[in-house]
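Be aware that the sequence shown starts at 364, since it is given in the working numbering, and climbs by one per residue.
Derived by calculation from the structure, the hints in this document are not laboratory data. Every residue, glycine too, gets a C-beta built ideally from N, C-alpha and C. Please note that the accuracy of each hint is not assured.
[Claimed, not checked] Taking lysine-lysine and the DSSO-like style, the derived pairs with C-alpha atoms no more than 30 Å apart in a straight line are:
1. 445 / 473
2. 445 / 456
3. 456 / 422
4. 473 / 452
5. 445 / 422
[What the hints assert, rightly or not] Using C-beta positions, here's what the derived DEER-type ranges look like:
6. 399 / 425: 31 to 41 Å
7. 420 / 392: 37 to 47 Å
8. 400 / 469: 53 to 63 Å
9. 414 / 457: 38 to 48 Å
10. 364 / 387: 29 to 39 Å
11. 422 / 400: 27 to 37 Å
12. 475 / 454: 15 to 25 Å
13. 411 / 371: 51 to 61 Å
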Amino acid sequence: LGRIYQRMMSERGQIAQRFRSEGEGEAARIAGQKERDLNEIQSTAYRQVQQIRGESDAKATEIYARAYTQNPQAAEFYNFLKSMDTYRKVLTKDTTLVFSTDSDLFGLLKRASAKPQTLPPAR
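Start from the sequences and build out the full structure, keeping to the hints where you can.
Okay, structure coming up:
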């Protein structure tokens, strides 16, 4: 009776181990599929982001170019704003600047203080 019981336990143990192995294999397959799906989703999202970014950059460039060629004063103001933005990003509060009277920024500041100019009304 003891040997029969041992054999039954051994068979049930083998069956249980087979089910565990199958379950672990299925879990590994599902995890692999999840990783592939995740990579595909991220790749698609990245491509979409790059496409949207490229389209928006092209549109912004088109708008800047149109505005730049329409009005010389607007172009000068745009150059001034871009210069100011660059200075803001690069300089700290402890930075000391020495400008030549020939520099573009000095010229812009000099013209701005000499006579205030107004831009024509927007259309």
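Margin query: Need the status of pair residue 456, residue 422: alpha-carbon distance at most 30 Å?
Written below: violated, 35 Å
Notebook entry, point to check: Between residue 414 and residue 457, does the beta-carbon spacing fit 38 to 48 Å?
Noted result: holds, 42 Å
Next item on the list: Just tell me: holds or violated, for the beta carbon distance of residue 475 and residue 454 against 15 to 25 Å?
Entry: holds, 19 Å
Checklist line | Agreement of residue 445 and residue 422 with the hint, judged by alpha carbon distance not exceeding 30 Å | finding: The hint holds at about 18 Å.
Margin query: Against the 30 Å threshold, does the CA-CA distance of residue 445 and residue 473 hold or violate the hint?
Written below: Holds, at roughly 17 Å.
Next item on the list: Could you check the hint for me, namely that residue 399 and residue 425 are 31 to 41 Å apart, CB to CB?
Entry: For residue 425 against residue 399, whose Cβ atoms are near 39 Å apart, the range 31 to 41 Å holds.
Notebook entry, point to check: Is residue 445 within 30 Å of residue 456, Cα to Cα?
Noted result: holds, 19 Å
Checklist line | 53 to 63 Å as the expected CB spacing between residue 469 and residue 400, which holds or is violated | finding: holds, 59 Å
Check: residue 411 and residue 371, beta-carbon distance inside 51 to 61 Å?
Finding: Given about 59 Å between the Cβ atoms, the range holds.
Notebook entry, point to check: Taking 30 Å as the top limit, are the C-alpha atoms of residue 473 and residue 452 close enough?
Noted result: holds, 23 Å
Note to self: Verify the CB-CB distance for residue 364 and residue 387 against the hinted window 29 to 39 Å.
What the structure shows: With Cβ atoms ~34 Å apart, the hint holds.
Check: That 27 to 37 Å hint for residue 422 and residue 400 (C-beta), does it hold up?
Finding: Cβ of residue 422 to Cβ of residue 400: about 33 Å, so the range 27 to 37 Å holds.
Hint 3 from the earlier list is the only one contradicted by this structure; the remaining hints agree with it.
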